[in-house]
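In the order they appear, the protein sequences are chains A and B.
Each residue of the first sequence is one higher than the last, beginning at 1 in the UniProt record's numbering.
Each residue of the second sequence is one higher than the last, beginning at 1 in the UniProt record's numbering.
The hints are simulated quantities; they were obtained by calculation from the structure and are not laboratory data.
Heads up, a few of these hints could be off.
Heads up, the list lumps identical chains together, so a pair's fine if it works in one copy or across two of them.
As the list claims (entries may be wrong) - Capping the alpha-carbon separation at 20 Å, the derived lysine to any residue pairs in SDA-like fashion look like this:
| # | residue 1 | residue 2 |
| --- | --- | --- |
| 1 | LYS432 | GLN143 |
| 2 | LYS139 | ARG429 |
| 3 | LYS432 | PRO142 |
| 4 | LYS382 | MET393 |
| 5 | LYS15 | LYS100 |
| 6 | LYS92 | TYR431 |
| 7 | LYS15 | ASP203 |
| 8 | LYS39 | PRO202 |
| 9 | LYS361 | ASP344 |
| 10 | LYS352 | VAL42 |
| 11 | LYS348 | GLY254 |
| 12 | LYS49 | ASN146 |
| 13 | LYS245 | THR264 |
| 14 | LYS78 | ASP205 |
Spelled out, the chains give:
Protein chains: 2
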Amino acid sequence: MLPLHSKFFIMNIPKSSFPRIVIIGGGFAGIALAKKLSKQEVQVVLLDKHNYHTFQPLLYQVSTGGLEPDSIAYPIRKVLQDFPNFYFRLAKVSEIDTEKNTIQSNIGALKFDYLVVASGSKTNYFGNKSIEDNSMEMKTIPQSLNLRSLILENFEEALLTSDLNRRNALMSFVIVGAGPTGVELAGALAEIKKGILPKDYPDLDTRLAQINLVQSGDTILKTMSPNASKKAEDFLEQLGVNVWKNVRVTSYDGTTVTTDSDLTFESETVVWAAGVKGAAIKGLDAEQFVSRGNRILVNEFNQVKGIDNIFAIGDVAQMESESVPHGHPMMAQPAIQQGKLLGDNILKLLDKKPMTPFVYKDRGSMATIGRNKAVVDLPNFKFQGVFAWFVWMFVHLFSLVGFRNRTVVFINWVYNYIRFDREARLIIRPYKKKLKS
Amino acid sequence: MLPLHSKFFIMNIPKSSFPRIVIIGGGFAGIALAKKLSKQEVQVVLLDKHNYHTFQPLLYQVSTGGLEPDSIAYPIRKVLQDFPNFYFRLAKVSEIDTEKNTIQSNIGALKFDYLVVASGSKTNYFGNKSIEDNSMEMKTIPQSLNLRSLILENFEEALLTSDLNRRNALMSFVIVGAGPTGVELAGALAEIKKGILPKDYPDLDTRLAQINLVQSGDTILKTMSPNASKKAEDFLEQLGVNVWKNVRVTSYDGTTVTTDSDLTFESETVVWAAGVKGAAIKGLDAEQFVSRGNRILVNEFNQVKGIDNIFAIGDVAQMESESVPHGHPMMAQPAIQQGKLLGDNILKLLDKKPMTPFVYKDRGSMATIGRNKAVVDLPNFKFQGVFAWFVWMFVHLFSLVGFRNRTVVFINWVYNYIRFDREARLIIRPYKKKLKS
Chain A
1 MLPLHSKFFI MNIPKSSFPR IVIIGGGFAG IALAKKLSKQ EVQVVLLDKH NYHTFQPLLY
61 QVSTGGLEPD SIAYPIRKVL QDFPNFYFRL AKVSEIDTEK NTIQSNIGAL KFDYLVVASG
121 SKTNYFGNKS IEDNSMEMKT IPQSLNLRSL ILENFEEALL TSDLNRRNAL MSFVIVGAGP
181 TGVELAGALA EIKKGILPKD YPDLDTRLAQ INLVQSGDTI LKTMSPNASK KAEDFLEQLG
241 VNVWKNVRVT SYDGTTVTTD SDLTFESETV VWAAGVKGAA IKGLDAEQFV SRGNRILVNE
301 FNQVKGIDNI FAIGDVAQME SESVPHGHPM MAQPAIQQGK LLGDNILKLL DKKPMTPFVY
361 KDRGSMATIG RNKAVVDLPN FKFQGVFAWF VWMFVHLFSL VGFRNRTVVF INWVYNYIRF
421 DREARLIIRP YKKKLKS
Chain B
1 MLPLHSKFFI MNIPKSSFPR IVIIGGGFAG IALAKKLSKQ EVQVVLLDKH NYHTFQPLLY
61 QVSTGGLEPD SIAYPIRKVL QDFPNFYFRL AKVSEIDTEK NTIQSNIGAL KFDYLVVASG
121 SKTNYFGNKS IEDNSMEMKT IPQSLNLRSL ILENFEEALL TSDLNRRNAL MSFVIVGAGP
181 TGVELAGALA EIKKGILPKD YPDLDTRLAQ INLVQSGDTI LKTMSPNASK KAEDFLEQLG
241 VNVWKNVRVT SYDGTTVTTD SDLTFESETV VWAAGVKGAA IKGLDAEQFV SRGNRILVNE
301 FNQVKGIDNI FAIGDVAQME SESVPHGHPM MAQPAIQQGK LLGDNILKLL DKKPMTPFVY
361 KDRGSMATIG RNKAVVDLPN FKFQGVFAWF VWMFVHLFSL VGFRNRTVVF INWVYNYIRF
421 DREARLIIRP YKKKLKS
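Construct the complete structure from the given sequences, taking the supplied hints into account.
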């Protein structure tokens with residue numbers, strides 16, 4: 001780590017007569033903001049630890065072999081190609097100095113005139129070390145690929161053991177948390193169990209593979225309408241998923257999942273989808289800056305409280321109001337809307353005009369459980385089933401960045417639908433070390 | 001490692017009244033053989049260290065971001081899905097006991113009635129440790145992805161240094177070996193340099209990126225016709241590749257490439273494509289079994305010399321004759337043809353009928369250098385340029401396994417052609433440790 005200001009020119013960003021806006025994070029919020037600032041009289045530096053934007057809502061399809069990772073990722077440099085005065089740097093920001101208007105990263109320090117923290121969220125294990133050490137998460141493409149490898153490796157290993165308990169544990173899944181991620185993953189695994197496993201592993205009784213979805217509350221998809229929640233549960237049961245409600249997972253040692261009831265599960269594949277927290281960065285993560293969920297507290301202009309030139313948007317930002325005492329949901333829509341508005345507001349700020357407060361337009365939410373099985377809550381229209389499934393696909397397809405990605409995802413979905421198949425079931429980077437040998 | 005015969009049932013392959021044929025390797029040769037043996041009165045166990053078949057001729061497009069890895073890989077289990085009495089095991093074979101008719105692997109031992117070694121080839125560094133330690137190879141999908149990451153990481157790093165020599169080294173490539181792999185990779189890099197880099201890195205003088213193709217002999221693509229060789233060299237020069245002939249690379253310390261002449265190169269990305277050797281396995285790798293290139297010596301029936309029930313096919317097999325004193329070329333075509341014939345021959349052997357000797361049908365060879373630039377040598381027709389390029393694409397597209405893969409590759413190629421683009425320029429698994437932090 002280089003000391004702050006160790007080199008004037010450390011990231012090789014040229015001096016500019018325009019104000020420098022540094023954006024941390026190329027997710028939905030950061031990219032929406034960057035697009036708004038294109039071709040304006042500003043210098044923009046976008047930093048991300050990956051050189052690509054990830055379309056997170058489809059990560060579960062990468063984990064289950066339905067899509068190749070490359071088709072839900074998009075090079076950030078390509079997004080910025082036509083924007084003058086834009087600089088991308090592959091960097092992990094470690095600290096923000098709010099006094100000196102400087103950020104610190106693994107590639108050096110950088111001064112800013114305005115800073116926008118759009119660093120997103122990360123998995124929240126609520127301090128449970130055993131679960132953190134032994135379970136899988138699915139927030140990034142590498143994590144999703146690890147899960148894909150682990151699932152496939154476990155089935156290969158299940159073939160080799162004569163210990164029935166161990167074989168069942170290798171073939172069984174526990175997904176903790178029944179939000180959209182947990183529900184969609186459970187549904188996709190159920191379809192694989194039904195459509196792929198019996199053909200791929202004729203010498204294994206794959207009927208014994210158990211898919212358990214465990215939820216501490218008494219309802220799944222709790223942010224959606226009661227109808228959607230009920231129907232999603234029906235769909236999961238039709239697909240053979242065991243839905244466990246009012247059960248809280250308390251530990252996981254790599255083999256046995258214990259809960260707050262008598263219930264335990266033997267499973268080698270546990271996915272933790274039961275919590276996220278804001279990815280607040282050092283310098284803005286002290287008690288006065290963040291909520292309990294580690295999200296940076298912002299005012300209605302996404303301004304960090306008490307600091308005029310630093311903003312936070314998207315999952316990492318918590319904008320509290322009477323209607324949303326814990327901030328807006330940590331989803332793509334608020335992130336995109338905040339990114340767009342902040343683009344306009346920064347330009348207004350530079351023009352010394354008053355900024356516009358953020359008002360969230362809830363465009364609804366949706367989840368897919370499986371083939372022809374989805375639930376959609378629009379503001380004025382809630383529906384479930386085949387039509388919902390088509391709407392889900394259409395919306396996700398057109399939300400993807402890039403024509404090539406949309407086309408490749410479309411081809412995959414048509415193929416998977418017609419052939420009941422998932423062809424990306426490849427162990428490219430083994431996750432378990434023992435199989436690496 | 002378990003001792004031989006430690007457990008009767010170690011790989012959980014059931015006993016069968018049919019003879020057991022064990023195939024090591026799911027490459028072109030192994031898969032062609034497996035298909036021939038489907039629905040016959042044999043038990044087949046196919047072993048591979050990956051759970052997918054790799055279409056190696058297109059690996060260079062994975063390294064250069066033109067194709068996603070998943071579209072040139074195909075699940076081996078899917079190939080075998082409809083074949084009764086077929087067993088796939090994810091295993092790395094470490095030893096063959098030719099006396100006891102047993103193989104030894106990381107998942108245990110297995111007895112065979114017939115054994116077919118189709119383990120392919122690996123990179124041959126000819127004992128040069130400095131090159132082996134510091135250069136990249138491109139024989140597998142993980143290796144190709146490592147190269148993709150390294151290239152992109154080096155460009156990101158080039159942005160950060162003010163040391164001009166280092167920046168040039170980060171932007172420069174040395175490809176050693178001007179066979180099809182080296183030529184195709186050099187051409188693809190030249191197109192990226194021209195079409196992508198200036199847009200992706202506007203703040204970097206990417207004209208300084210040098211692509212050097214170094215060849216110890218006096219001709220490139222030496223297995224092809226003189227016309228193809230000459231034209232390929234013209235194409236490379238048009239694309240701005242520096243072609244160095246009669247230069248032998250002698251060492252590479254990670255920064256400086258030295259040669260047997262005064263010529264040296266400063267480069268952080270050196271790809272070794274100057275040699276392969278057979279991947280002979282312990283037990284069949286002793287002097288009496290293998291050629292100088294570590295290929296297993298076989299007779300005209302692909303039988304290992306002196307052993308009736310063990311065969312070798314594809315790259316790992318060296319079938320010497322007057323016309324081919326060093327065996328057939330280590331390419332897809334001889335592998336596929338030997339796999340197919342051996343399938344028939346094993347069935348003949350079981351029927352106690354005489355086997356048919358292998359005769360190689362040379363269907364020609366081809367290489368693509370870039371957009372509209374390819375060279376094709378058919379037995380009776382040799383041509384270069386746009387038409388050759390279309391033929392190259394057509395042949396490769398239809399040689400891919402699987403409808404989905406063909407469609408996705410086709411979409412990518414059309415997109416890349418129209419847009420002069422390569423969208424899979426993603427650093428999903430960083431290769432350089434320093435950027436992992």
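### Query
Given a CA cutoff of 20 Å, do LYS432 and GLN143 count as a within-copy pair, a between-copy pair, both, or neither?
Both, since 13 Å and 18 Å are each at most 20 Å.
### Query
Quick one: LYS15 to LYS100, C-alpha cut-off 20 Å, is that within a copy, between copies, both, or neither?
within (17 Å within a copy, 74 Å between copies)
### Query
Given a CA cutoff of 20 Å, do LYS92 and TYR431 count as a within-copy pair, a between-copy pair, both, or neither?
Classified as between: cross-chain Cα gap 16 Å, same-chain 24 Å, threshold 20 Å.
### Query
Is it within a copy, between copies, both, or neither that the alpha carbon of LYS432 lies no farther than 20 Å from that of PRO142?
both (14 Å within a copy, 16 Å between copies)
#### Entry: Homo-oligomer pair classification [ASN146, LYS49; C-alpha up to 20 Å]
both (18 Å within a copy, 17 Å between copies)
### Task
Could you figure out if LYS382 and MET393 sit no more than 20 Å apart (CA to CA) within one copy, between two copies, both or neither?
within (16 Å within a copy, 48 Å between copies)
### LYS78 and ASP205: within-copy, between-copy, both or neither at 20 Å Cα
Classified as between; 18 Å across copies, 47 Å inside a copy.
### Alpha-carbon proximity context of LYS15 and ASP203, limit 20 Å
between (65 Å within a copy, 13 Å between copies)
### Query
For LYS352 vs VAL42, is the C-alpha pair at or below 20 Å within one copy, between two copies, both, or neither?
Within one copy only: 15 Å inside, 82 Å across.
### Task
Have a look at LYS139 and ARG429 and pick one of within, between, both or neither, based on CA distance no larger than 20 Å.
both (18 Å within a copy, 15 Å between copies)
### Query
Checking LYS245 and THR264: alpha-carbon separation at most 20 Å within a copy, between copies, both or neither?
within (14 Å within a copy, 67 Å between copies)
### Message
As a check of your reading, is LYS39 near PRO202 (CA-CA no more than 20 Å) within one copy, between copies, both or neither?
### Response
between (58 Å within a copy, 15 Å between copies)
In summary, the structure is inconsistent with hint 11 from the numbered list given earlier, while agreeing with all the others.
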